[in-house]
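Enquirer: Sequences are here, hints too, so could you generate the full structure?
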Amino acid sequence: MNQWKWPFAVWIAAGVLASGAAAQKPSPNAVIQALEAESQRAMKILATNDPAPYFVGYQVNDISTVSVDAEGGALQSTNEEHQRLLDVEVRVGDYVLDNTHQVRGAGGGSSRAGSMLMPLDDDVDALRSVIWLETDRRYKASVEQLIRVKTNRATRVDEEDVSGDFTVEPGRTASMSVAPVRPKISEWETRARAYSALFRQYPEILEGTAGFSSQVVQRYVVNSEGTSVQSGVTLLRLSLYARVRAEDGMELYRFESFDAHSLDGLPDDKTVTKTIEKMISDLRALRAAPVIEPFTGPAILSGRASGVFFHEIFGHRIEGSRQKSENDGQTFTKQINQPVLPDFLSVVDDPTTERIGDTELNGYYRYDDEGVAAQRVTVVENGVLKNFLMSRAPVAGFMQSNGHGRKEPGYRSVGRQGNLIVQASRTVNDATLRQMLIEEAKRQGKTYGLLFDDISGGFTLTDRSSPQAFQVTPIMVYRVYVDGRPDELVRGADLIGTPLTSFSKIVAASDKVDIFNGFCGAESGYVPVSAVSPSILTTQIEVQKKAKSSDLQPILPPPPAQPGASS
Amino acid sequence: MKRTTKMQRRRSVFRTTAGAILTCLALALGLVVSGQSQQGTDIVFRAMNDELTRSMSQLQLKELQKPYFAQYVILDEDEYSAEATFGALTSSHRSRNRYGQTQVRIGDYDFDNSEFNPGRGGSPATGALYRTVVDDNYAGLRHDLWLASDAMYKQAIETLSQKRAYLQNKVQEEQPPDFSKEKAVRAIAQRRNLEFDQAKWEAQLREWSRIFREYKDVQTSGVTLRARLTHRYMVNSEGTTTLQPELLVSLETGASVQAPDGMRIGYSIPFHARSFEDLPSPQVFADTIRQLAANLTSVRAAPVLEANYSGPVLLTGAASTEMFARVLAPNLYGQRAPLGTRGSNNVSDLADRMNRPVLPPYFTVIDDPGQKRVGDRFLIGSYEIDDQGVPAKRVALIEDGLLNNMLMSRRPGQDRLQSNGHGRSGYPGRETTQIGNLFVTAKQGKSYDELKKQLINLAKEEKLKYALVIKGVSVSGGGPVGSPVLVYKVHVADGREELIRGASASGLSVSSLRHIQAAGKDAYVANRLTGIQGAETPVSVIAPSVLLEEMELSRPTGAQQKPALMTHPYFNSLEASPSSPSRAVAP
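Protein chains in written order, with my numbering: chain A, 844 to 1410; chain B, 175 to 761.
Wrong hints could be hidden among the right ones.
Some, not all, of what chain B presents toward chain A, calculated at C-beta under 10 Å [stated by the list, open to error]:
#1 Ala221
#2 Arg272
#3 Asp309
#4 Leu319
#5 Trp320
Keep in mind that the hints were calculated from the coordinates and are not lab data.
The beta-carbon is built from N, C-alpha and C at its ideal position, and this holds for glycine as well.
Expert: Rendered as structure tokens:
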């Protein structure tokens, strides 16, 4: 699924990047007009106060959502919503030291400040009536915070990183509004019903759902430095979910999703039906599969599994803000120009890549949440660490944003991943990779190695407004026996290990890549991301049994689908 | 909104069909039969009854007991809400959801898996809430009922054994039964549609919210409209089957100002009704907005309550009804505390005062859900059958000041074994006792001037220079009257009334109501919502003004936020160039 040759796609993407930052004159727009007027007014009026703000920044997310969910052949909900959310940031102090500076000993955690509901009508007076008071409130909060920051600095040892608090960036203007998406809701309802009904043919499937969603975000970023950027993203998704319960009480599920930027990018009935059939056969097989025993040894991670693996254990560690926060592990902070991965691996994060092959990437955007143009960043080149994913929070040696300042409305931006792409300069085909796994297992005296075919991040399960847990849980795991027996599906595995050890054990990569589209949650909220990777072979991975429920099977068989029929 | 239009179109087709059939049949047979809508109702009940029958006869784990009682509720909610501020719409939302509530009881009416609070974070409820399908789809509904019944049965088995274990080492006190026996009721009403002119209402909201452009001291303001049409399908194993559509429409305006010293004062006025027609007219609501804005403007400039006050207080209008709803009503519920409950949580403070005075002898308190109107005001607390399928009864609670009876759901109390039809919503399987229409009446009611005179006399006795009158409250916040907004000092020397701000009320026990000094001859009708946000229960309280012997009001404590450094941009630009206020881009 989703196979492509990466070098081609990446060069195309680089070409897009060169012209991507071209400035356009924004057309008069009520939201922009209101934000500009209030940012200028606030800078002028508050200048007479001590301390005066040195930066006022606004973001408005104009979000149109449609979602349709069906379970077992019947509609569960249809939702349509339009919201405009205002986020205000007022900074006092200066670029070197301001109110956002880390207060040591105060703990980390989320940067959630909340959003204000803005008028949906393009009425400048009404829009401004909401902006001004929130600006006033945020200014006062920032003044208070700056005092805490300064006291904290005075009473503690010197900080290691003295790179400052905010990068100096040129003002940017751009106007790239996103075309509205008008899904035929009744058609989505009919399709969701039909898809979810397919699961109902199998009594062991306790729940089977299908859902469509579309989200069109027009994003306005205006600040007192002269930035006035209108950009946006469109996210469409078809998601399929089903669960069964094994005889021993273990809950097992399969989740599949298709992401796209336009209605045409969503799959046709045939593709969906095929996917559902595969989910059903997987679940029936899983239900009958033996429970995994704790294991240490060699394994292949498929492209999707490897993509999530890299996103989790590598990608989050090269996000800029983590190099600075003194609460963070800082695995790679001092490793610039040092080898951190095997020399045949390179990693880029490229939000400007819109698609790879036929697959549209979730982490695609042109401007980040701070109004900085997205850039393709080479993080690791031939195993050597080169760069971090930067927002406007500087890190020693990295004094410029590279367009990775991202957030969910209501949070403060930090450096986040967009499209994380793992590339291998030396590859083998899948058959060879499999043979290498068997050889490695033999060498270690094991009777089998493991094949992780699919991994499910908890983030892919629900939309972002729900409370969500985050975990890396392999779903489809096979034992590949050294004696030539057929592969055996096992269930109930949790993948564990430490990052640095895990990286050093990667020995080979396949010539095929796969794409994982999902949503990633961190301190700046949920953002859409992609992880792209070839399958990899690692000589050592550790799995443990995961916790399971002890619930019994339902006492009664499923009820009949028609009144009067016997169950 | 596209979806709404589509849904309305689809539904209105159904309705026309139903209407046509109805007319023909009514002419021919004189019967009321409906078409499509009735078919949908039939499917929902068919799925519920079929699974209920199967659960009652077959749901059994090994040699353990079968359920003795099961109840299914399907709660269908069609909701709309919209909000506007300063002439523009900020949100507009329509949603339709269906929730299933499944309750399974094991044991018998005397002793079952309910009325037990296992502690350690365990849930005392006998039921669970889950999302189900909005289509009238037999298979889909029944599938969800099947899984929910299974889960609830297993939970009930576990809870009952925990309850038995808990009692193993406790000295047994005489306990009332766990669940009351009631007669089966069958009442199935026609389904309804949530229909209204959305574009017209949204234009109206914009127009109303624009009124705040006339008040320069108002910092934040808004107008909200909410409509919730619920269809509650209920069946239980005793044979009760009910469907009662219920529409609740709320129109509310709220605003806030900031005083020169930085104090923020908010005030909101809601109108709740059972139909769009019962809402205030555009002109009346516009007047309400202007009154609210003018009041807030006055409060902003008013002096602060400079010292904590303890003394006589006169409550009028919503301040009085709010006090009865918050201080008296929760103590009129007769259920006992579940086993294992610590403290007096959930039990009336009046439990041991039966046939003794709880109010002055000239007071009578009755709850009568059957009464639909007082004058031209519709009472939103009226209903015929409660959420447990028990017909609502009129209950004389307090007669001549003496506590005479309690409001009951199917959760029995000591000496009160039957429900009187006051089991209203709450968490599934744990329907709470709730008032419907609470009528507080007093003989020998006095005029405002007489009450004020008496207030002054009481203040004199207490050697106070002034007493307080609370005439307006926001129903939000804790405390015995909500958040007081319109509070006046009544000066003992000359009877002058002076508006003040910053007073917050605290400390009023139900036992102090015996010492109410006087009541007015007025009767304020308050339609209010109570309970869990988003699923509130509509109730009505009708009460006269009351003069309390003693109530505490505190002055503001802690430092205030500084006043806003900037001014409202709209009024700012008006002042800068009065001839050309900033122009609005046409929506």
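Enquirer: Determine for every hint whether it applies to the structure shown.
Expert: So, going through the hints one by one against the coordinates:
1. Ala221: Result: holds, 8 Å to nearest chain A Cβ.
2. Arg272: With a minimum Cβ separation of about 8 Å from chain A (threshold 10 Å), the hint on Arg272/B holds.
3. Asp309: The hint holds - Asp309/B has a Cβ within 10 Å of chain A, the shortest such distance being about 4 Å.
4. Leu319: 8 Å, holds
5. Trp320: Hint holds; Trp320/B Cβ to chain A Cβ min 5 Å, cut 10 Å.
Comparing the model with each earlier hint shows no violations; every hint is respected.
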